[in-house]
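Q: Each chain, letter by letter, is given below.
Protein chains: 2
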Amino acid sequence: MSVLIVGSTALDSIKTPKSENPRLLGGSASHAAVAASFFSPVKLIGVVGEDFPQKYIQLYQRHKINLSGLQIMPGKTFHWSGEYEANMNNRRTLLTELGVFETFTPTLPKSHQDAQFVLLANIAPGLQHHVLDQMRRPKFVMADTMDLWLNIAMADLLKLIKRIDGFVLNDSEAHQLTREDNLFVALKKIHKLGPKYVIIKKGSHGSILSGPKGYFICPAYPLHSVIDPTGAGDSFVGGMMGYLATAGGSIDGNIRRAMIYGSVTASFCCEGFGLTQTAKTSRADIDRRVKELEKLTRF
Amino acid sequence: MSVLIVGSTALDSIKTPKSENPRLLGGSASHAAVAASFFSPVKLIGVVGEDFPQKYIQLYQRHKINLSGLQIMPGKTFHWSGEYEANMNNRRTLLTELGVFETFTPTLPKSHQDAQFVLLANIAPGLQHHVLDQMRRPKFVMADTMDLWLNIAMADLLKLIKRIDGFVLNDSEAHQLTREDNLFVALKKIHKLGPKYVIIKKGSHGSILSGPKGYFICPAYPLHSVIDPTGAGDSFVGGMMGYLATAGGSIDGNIRRAMIYGSVTASFCCEGFGLTQTAKTSRADIDRRVKELEKLTRF
Chain A
1 MSVLIVGSTA LDSIKTPKSE NPRLLGGSAS HAAVAASFFS PVKLIGVVGE
51 DFPQKYIQLY QRHKINLSGL QIMPGKTFHW SGEYEANMNN RRTLLTELGV
101 FETFTPTLPK SHQDAQFVLL ANIAPGLQHH VLDQMRRPKF VMADTMDLWL
151 NIAMADLLKL IKRIDGFVLN DSEAHQLTRE DNLFVALKKI HKLGPKYVII
201 KKGSHGSILS GPKGYFICPA YPLHSVIDPT GAGDSFVGGM MGYLATAGGS
251 IDGNIRRAMI YGSVTASFCC EGFGLTQTAK TSRADIDRRV KELEKLTRF
Chain B
1 MSVLIVGSTA LDSIKTPKSE NPRLLGGSAS HAAVAASFFS PVKLIGVVGE
51 DFPQKYIQLY QRHKINLSGL QIMPGKTFHW SGEYEANMNN RRTLLTELGV
101 FETFTPTLPK SHQDAQFVLL ANIAPGLQHH VLDQMRRPKF VMADTMDLWL
151 NIAMADLLKL IKRIDGFVLN DSEAHQLTRE DNLFVALKKI HKLGPKYVII
201 KKGSHGSILS GPKGYFICPA YPLHSVIDPT GAGDSFVGGM MGYLATAGGS
251 IDGNIRRAMI YGSVTASFCC EGFGLTQTAK TSRADIDRRV KELEKLTRF
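So the protein lines, in turn, are chains A and B.
In terms of our numbering, the first sequence opens at residue 1 and continues consecutively.
In terms of our numbering, the second sequence opens at residue 1 and continues consecutively.
Don't take every hint at face value.
Treat identical chains as interchangeable: a pair holds within one or across any two.
When the alpha-carbon atoms are kept at most 27 Å apart in a straight line, the in silico BS3-like pairs for lysine-lysine are as follows [stated by the list, open to error]:
no.: 1; residue 1: Lys64; residue 2: Lys15
no.: 2; residue 1: Lys196; residue 2: Lys15
no.: 3; residue 1: Lys76; residue 2: Lys291
no.: 4; residue 1: Lys188; residue 2: Lys202
no.: 5; residue 1: Lys189; residue 2: Lys159
no.: 6; residue 1: Lys295; residue 2: Lys202
no.: 7; residue 1: Lys196; residue 2: Lys76
no.: 8; residue 1: Lys202; residue 2: Lys162
no.: 9; residue 1: Lys18; residue 2: Lys110
no.: 10; residue 1: Lys15; residue 2: Lys139
no.: 11; residue 1: Lys55; residue 2: Lys189
no.: 12; residue 1: Lys162; residue 2: Lys189
no.: 13; residue 1: Lys291; residue 2: Lys202
no.: 14; residue 1: Lys196; residue 2: Lys55
no.: 15; residue 1: Lys64; residue 2: Lys159
no.: 16; residue 1: Lys55; residue 2: Lys76
no.: 17; residue 1: Lys213; residue 2: Lys291
no.: 18; residue 1: Lys162; residue 2: Lys110
no.: 19; residue 1: Lys291; residue 2: Lys189
no.: 20; residue 1: Lys295; residue 2: Lys196
no.: 21; residue 1: Lys189; residue 2: Lys202
no.: 22; residue 1: Lys110; residue 2: Lys188
no.: 23; residue 1: Lys162; residue 2: Lys291
no.: 24; residue 1: Lys139; residue 2: Lys196
no.: 25; residue 1: Lys295; residue 2: Lys213
no.: 26; residue 1: Lys189; residue 2: Lys295
no.: 27; residue 1: Lys189; residue 2: Lys18
no.: 28; residue 1: Lys188; residue 2: Lys291
Just so you know, the hints here were simulated from the structure itself, not pulled from any lab data.
Construct the entire structure; sequences and hints are all you get.
A: What follows is the structure, given as structure tokens:
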């Protein structure tokens, strides 16, 4: 089955102490879509400007991503620019140019409205609602978010959380949302806001799922070199949804393995700037690392 | 087989935003010895003053800890006092009174010199050397340390690391020792200093082993309430060494499971002030949580 993904489609300029990388393909939906494409067909919903490089369209196409929901509008593509410190953990935003995103209204082609697996990747909760409003009867809807929406669109976000099956956020966002230091107490509080499945991402420390079958402690793949973590969280949730969409059977029966696949897909993302490394990765590469993770966690 | 443990035997006064707990039983050797005692007989090497409460001697005895290497000296027991912030992660030392520790020279009873499993729990590296000098042919020697010794006794510590089989430290100490942000690169650098097994502790994020059979990603048991993390690292390494000492077979064949047992023993430590909760724990309680951890990590 295919997975429908809405989110940002952007150009990212990423600076580190060692290099500058202008106008890479980025955005939550780009990372999530390419990650999901290793496992299932993907329908992308997003908007880009007339300046969007043709080579990035081709990159989507090489991953067989359905682009009939990608609008190309007069104006400029959303452009984010950020700078990482030497440890690659702390980053600051240098510039955000919304461009065509400012007036974006995601409109779903008819063929997309029956999608069973829906990923509302990180984007304004209002737009996530708008996509969900157009869906018929999705089987499983997962949403991601970021600190910005907790700061400026909390009411919209709380309404959204009630409507979805799964919610993904990172540890500092979980703290911001619940005011809880203990992640397991935070998970319980977030369940009370609606979603049956809650996943807290902890970067290189992996992630934790809380669901009807209890907790799952999901490891991160051990990386000896992190080139650029931008988009790793999006790759994680994209890979996970892609795996879920094709696994068959119950969500409960598949979600742990789906997280492992997401985690491994995210590890490739970290090994290059933007989508550089992910785009070079094959399903066989992913399967190899999943097998390795099995060995690294067995006791 | 029994495990010989040297380290600090102390009184800890622990303040949190909610309570004050004066003169609890503490010290690296106390925590490690009680943790190890769930799995194997323990021989404790340490020193206390004449003010050391009899009830703490009885606590050791209830755990069948051999005290023939515990010196009782004229003067005061080592006393540490610290204060935790509300999140229970950040703590500051309020007071350190060395007392009888100032002139402590660990002397091993003859019966102790043949011990096969030796844990050099956190204490000045000079004292760890002194204990090792008195051992005949230990099968497996593991050492723990703290930032203080990296700051004031680095040369001694580096000499020690060459003499041991396994070295345990936390993530910030690993960074301090190697100047590496990436834990997996740090592990490789620490191997080059000598030890075959290196374990980096990451608190609530678990720990990572690097050894001849590669990495092991060891989870922490999910706790909904952390009352006092003091001694959790000592409990972890104590439980691990206790398990190794009785497991039989090769270190490589047992060390992953030993870490899991250490991790679970440490989880009980965090659930009460000082050793309060650990002392109420049974081997059956530990086995139950180990089974739970198996379920929480399976995929």
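Q: Are the hints correct? Go through all of them and say.
A: Taking the hints in turn, this is what the structure says about them:
1. Lys64 - Lys15: This pair counts as neither: shortest intra-copy Cα distance 30 Å, inter-copy 59 Å.
2. Lys196 - Lys15: The answer is neither: 38 Å in one copy and 38 Å across copies each exceed 27 Å.
3. Lys76 - Lys291: The answer is neither: 43 Å in one copy and 55 Å across copies each exceed 27 Å.
4. Lys188 - Lys202: both (17 Å within a copy, 23 Å between copies)
5. Lys189 - Lys159: Result: close within a single copy only, 15 Å intra versus 49 Å inter.
6. Lys295 - Lys202: both (21 Å within a copy, 20 Å between copies)
7. Lys196 - Lys76: Intra 38 Å, inter 56 Å, cutoff 27 Å: neither.
8. Lys202 - Lys162: Within one copy only: 23 Å inside a chain, 34 Å across chains, cut-off 27 Å.
9. Lys18 - Lys110: neither (46 Å within a copy, 58 Å between copies)
10. Lys15 - Lys139: neither (40 Å within a copy, 50 Å between copies)
11. Lys55 - Lys189: Intra 44 Å, inter 41 Å, cutoff 27 Å: neither.
12. Lys162 - Lys189: The answer is within: 13 Å in one copy meets 27 Å, while 48 Å across copies does not.
13. Lys291 - Lys202: both (22 Å within a copy, 24 Å between copies)
14. Lys196 - Lys55: neither (39 Å within a copy, 48 Å between copies)
15. Lys64 - Lys159: neither (33 Å within a copy, 58 Å between copies)
16. Lys55 - Lys76: within (16 Å within a copy, 74 Å between copies)
17. Lys213 - Lys291: For Lys213 and Lys291, the Cα distance is within 27 Å both inside one copy (24 Å) and across copies (15 Å).
18. Lys162 - Lys110: within (25 Å within a copy, 68 Å between copies)
19. Lys291 - Lys189: between (34 Å within a copy, 26 Å between copies)
20. Lys295 - Lys196: Between copies only: 19 Å across chains, 30 Å inside a chain, cut-off 27 Å.
21. Lys189 - Lys202: both (18 Å within a copy, 25 Å between copies)
22. Lys110 - Lys188: Neither way: Lys110 and Lys188 sit 37 Å apart in one copy and 54 Å across, limit 27 Å.
23. Lys162 - Lys291: This pair counts as neither: shortest intra-copy Cα distance 36 Å, inter-copy 34 Å.
24. Lys139 - Lys196: Classified as within: same-chain Cα gap 13 Å, cross-chain 50 Å, threshold 27 Å.
25. Lys295 - Lys213: Both, since 23 Å and 10 Å are each at most 27 Å.
26. Lys189 - Lys295: between (33 Å within a copy, 23 Å between copies)
27. Lys189 - Lys18: Classified as between: cross-chain Cα gap 22 Å, same-chain 41 Å, threshold 27 Å.
28. Lys188 - Lys291: between (31 Å within a copy, 22 Å between copies)
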